[in-house]
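Student: Spelled out from the first residue to the last, the chains are:
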Amino acid sequence: MPTPPRRAQQFLRWFCKPELLPEIEGDLQELFHQWVQAHGIRKARWLYVLNVITFLKPYFFKRQNIQYTSLNSQAMVSNYVKVSYRNLFRHKVFSFINVVGLSIGLACCMLIVLYTKDEVSFDRFHEKKEQIFRVTATMSSENGTNRIGSTNVVVGPSFAEEIPEVATYVRMETTPYILRHGTDTFNEDVLSVDHDFFSVFSFPLIAGDPTQVLSNLNDMVLTEESAEKYFGTTDVVGKTLELQFNDQFETFVITGVAKNPPQNSSIQFKIIIPFLFARQQYLDTSWIGFYVHTYVMLHPDADYKAVEPKLDQVFLSKAEEELKSMKEKFDFKEKVHFGLQPFQQIHLDTEFGDFRNGLTYGSNPIYSYILSGIALFILVIACINFINLTIAHSLRRGKEIGIRKVIGGQRKQLIAQFLGESMVLSFLAFVAAILIVQLVLPYFNELANKRLSFSYLLDAKLMAGYLALFLITGFTAGFYPALVLSGFDPVRTLYNRHQMAGKNYLAKGLVVFQFALATFLIIGTVGIYAQFTLLTQADLGYSDENLAVVHLGRGRHDTEIEALKNELANKPSIEMAATKDFGQNYTIAKVNNKEKELGFAISWIDENFLPALQIPIVQGRNFSQDFPSDATQSVIINETFAREAGWGPSSGKEAVGQVIDFFDQQLTVVGVVKDYHFTSLKEKIGPLLFKKGTGDLWVKIKPDQLPQAMAAIQKAYEQVIPFRPFAYDFMDTINERNYEAEAKWKQMITIGAILSVFISCMGLFGLAMLSIQRRTKEIGIRKVLGAAVSDIVFLLSNDFLKLVALSLLVAIPLGYFAINRWLENFAYRIELAWWIFTLAGTIAVLMAFITVSFQSVKAAVANPVDSLRNE
Amino acid sequence: MKGTYIGEFQELVMLAVGVLYDDAYGVAIQEEIKKQTGRKVTLSTVHAALNRLEDKGFLTSRLGGATEERGGRPKRLFRITAYGRQTLEKSRSMRNRLWQLIPKVAWDQM
Chain W
-18 MPTPPRRAQQ FLRWFCKPEL LPEIEGDLQE LFHQWVQAHG IRKARWLYVL NVITFLKPYF
42 FKRQNIQYTS LNSQAMVSNY VKVSYRNLFR HKVFSFINVV GLSIGLACCM LIVLYTKDEV
102 SFDRFHEKKE QIFRVTATMS SENGTNRIGS TNVVVGPSFA EEIPEVATYV RMETTPYILR
162 HGTDTFNEDV LSVDHDFFSV FSFPLIAGDP TQVLSNLNDM VLTEESAEKY FGTTDVVGKT
222 LELQFNDQFE TFVITGVAKN PPQNSSIQFK IIIPFLFARQ QYLDTSWIGF YVHTYVMLHP
282 DADYKAVEPK LDQVFLSKAE EELKSMKEKF DFKEKVHFGL QPFQQIHLDT EFGDFRNGLT
342 YGSNPIYSYI LSGIALFILV IACINFINLT IAHSLRRGKE IGIRKVIGGQ RKQLIAQFLG
402 ESMVLSFLAF VAAILIVQLV LPYFNELANK RLSFSYLLDA KLMAGYLALF LITGFTAGFY
462 PALVLSGFDP VRTLYNRHQM AGKNYLAKGL VVFQFALATF LIIGTVGIYA QFTLLTQADL
522 GYSDENLAVV HLGRGRHDTE IEALKNELAN KPSIEMAATK DFGQNYTIAK VNNKEKELGF
582 AISWIDENFL PALQIPIVQG RNFSQDFPSD ATQSVIINET FAREAGWGPS SGKEAVGQVI
642 DFFDQQLTVV GVVKDYHFTS LKEKIGPLLF KKGTGDLWVK IKPDQLPQAM AAIQKAYEQV
702 IPFRPFAYDF MDTINERNYE AEAKWKQMIT IGAILSVFIS CMGLFGLAML SIQRRTKEIG
762 IRKVLGAAVS DIVFLLSNDF LKLVALSLLV AIPLGYFAIN RWLENFAYRI ELAWWIFTLA
822 GTIAVLMAFI TVSFQSVKAA VANPVDSLRN E
Chain L
-16 MKGTYIGEFQ ELVMLAVGVL YDDAYGVAIQ EEIKKQTGRK VTLSTVHAAL NRLEDKGFLT
44 SRLGGATEER GGRPKRLFRI TAYGRQTLEK SRSMRNRLWQ LIPKVAWDQM
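Quick note, the sequences are listed as chains W and L, same order. Per our numbering, residue -18 is the first one in the first sequence, and the count goes up by one each step. Per our numbering, residue -16 is the first one in the second sequence, and the count goes up by one each step.
No lab work stands behind these hints, which were simulated from the structure alone. Worth double-checking, as some hints may not be accurate.
[Stated by the list, open to error] What the simulated footprint calls covered on chain L by chain W, stretch by stretch (three residues with Cβ under 8 Å from a Cβ of chain W suffice, anywhere in the stretch; the number is not a length): (1) 3 to 10; (2) 22 to 28; (3) 53 to 65.
If you're wondering where the values come from, they're calculated on a predicted model, not measured in any experiment. The C-beta atom is built at its ideal place from N, Cα and C for all residues, glycine as well.
Same shape as in the complex, but just chain W (with noise of 0.2 Å):
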């Protein structure tokens, strides 16, 4: 049968009228068959186009104000509002799940996506970024591949000058001074940097000329916090500050202040002098050092590619006499190879780490990424309570449905009044989730070190970010119920009580895929719990308690010390007073007779170290004032030592009386000490060797003395050193803070697990909930059937607890992998025992087992009576 032009046929739809259209179409559609039988298809189309162009005429048209289509509709859609208000309101409990779980969700997302957002809007304000490198070193030989991020002070003028490419250089260099202002010192980290800084680096100043400020040597530039600090307003170029310098103060001028650095910058300084200032005394020129940081800029159209061949040329050329005497004096056969960093990489890529001379700590991505799969499974698992609470609770709808059916409701409108219930549903919990994140965000930043606010990161893009959360998260959670719930028959649902179909496995999948996340991360948290309590419990091999280390700064101080042990000394609240350089220093040298070359962590340290920190003495003796000798030519090693040098108690040789040759000295071990964690626990005890001197100071205070010893100290380091401001610090924090890593990751998982396991059990709260509702006549027939309380709460238990013990199945494989990899980092690490996921699985199991027994418990305790009363 011919049939009219489709598209006139459309146009007419379009434009006309609609409560005239059934007519019309039926007129034309007569004709047509008319003309078809009267002059063939062709003509009969064709008039039949004519015919709809001749009822464009404004009566035919459609009106917008008309109400015949519009009320229809609204009146509709103003139906879906209703009945889903009311289903909101009638079941509060359901509501509350959901828009609880979803706002903590979508919370959580939320602080990733800013975290995300800080992270990779690292240094990304200043305007020669592109240009901008960090010239890094790879050293290699035999024994492995050292990445370093520093340089030394020839690399940045020598390639300036040789590679056309290079624009210019700075050199950046934190040293820690102490500065005097009036009478008053403070200790203070001032950032040496070659006066091209603030041309190269993007920080405003906010007095001074960007070329100029740091032209002479005793120029001084302050960011406004510390202007602030010091002279109490930002108006200070022409003032002075002195800075100690070969124990002598020397004047600065201020001659610009910056604006502070911002949070988002890398590099974060609060005063600036010129690099020349320091060095001039001393040039090394040595190729072979990393201790500054060397940035290039090259010129806009430079191919950073291109130029990195030509640092390993100009070093080779310049440096050839260097490598040759290095060789010969010190066997020095490692291939250095100089290389450019881009300087928005550093951030993020830690693989030159180096994060010193004014550079902040770089973020290791992995910490965004553990964040965001946890953000995610909060996410997730507050999804699948939607899902499947909606779905369980569609029984009550099936009425609805069959009836809106069986009127005329299309599968498309129902899909889309459902999905509609689940945005309004998803918004609610959007706007509770913003206020969320406006509340935690303190404890957010604290947790991942960051100093966030909505103020500073928001814009069109975290916007639109968040709008696609929001809509992605109500598109998922509301997808798939919108679909089921549509697809039921008006007759089943309308003719008799309607039943779930089938056993519904996806709705217990998704139980099991829910609970095996939240019993993953609970056995990430306990297995976290042990290694944290190891690392920070175990014994160490000696007592980090009641001792304070005063800081005396770098290098030897014999005689401060040595007035300040003398000051110590009688203190009735002061145990013993002690040295030992600062830090930690790694050396070489070799052994039996040069046979064996060995490296070893070295330590200068007095008589009173090892008895004050009650470090056992296993061979030999301490040093002691009685021995003039020990001063410059014995050491005592530890037990590692002596094993790797071939002198451990199988070797059958005596450790006490060997001689090392270090450099040009020979020292003979008089003692051997027992084996001590002098590095954190996650590193293994290395050879570790001592030599007197001095450095630090290191007392030991008696117990419950503390403010008394504390003051003595001040006092006598007062006496001693009045210039230099106090600092010190207590073993046990220093000890402490070697695992702030850890803790934090502590803190993260246990967040994580709390929340996934707090919304699972939210979710299944509801699961129980229905499905006990709808058994409740089950009960009450099986108690007038004389079933006790206890069988009744198991079999309505027993569901559930099947699903949460199937997860474990599901969770301890991939826990035990995951905690497995990551015990790696530690060289002392707890056993993976079975009672790690025993824990995990108890925790998990009776959380659900509680969870469900509020509402089992409720129901087998009911009367029998009132379920069965009524109908």
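Given chain W, put chain L in place with the hints provided.
Tutor: This is chain L only, laid out in the frame that chain W set:
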């Protein structure tokens, strides 16, 4: 009053509706007009007229049978209302009166 006035074409349409009595819908009316007057009118003109007449209350309509050749769409069947009839009669009597007022001599002069 605007409603009482009907144009020549509208009168024609109404008369056709009357002629067709129980089968007065768009296409039939169009054909009837063609048959009786030889005037070719487009369907849209007929529809516009029918709808305006209904709006004025001269015609009433109901939905009639849907046939396959109409693609399952119903016919809208029109009938003249009492008011419509009154208007038609008024128009006819006015015409008649005017006819009668024409003096015979006017014809003779032709």
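Student: Run every hint past the structure and note whether it holds.
Tutor: Status of the hints after comparison with the structure:
no., hint, verdict
1, 3 to 10, "holds (count 3)"
2, 22 to 28, "holds (count 4)"
3, 53 to 65, "holds (count 6)"
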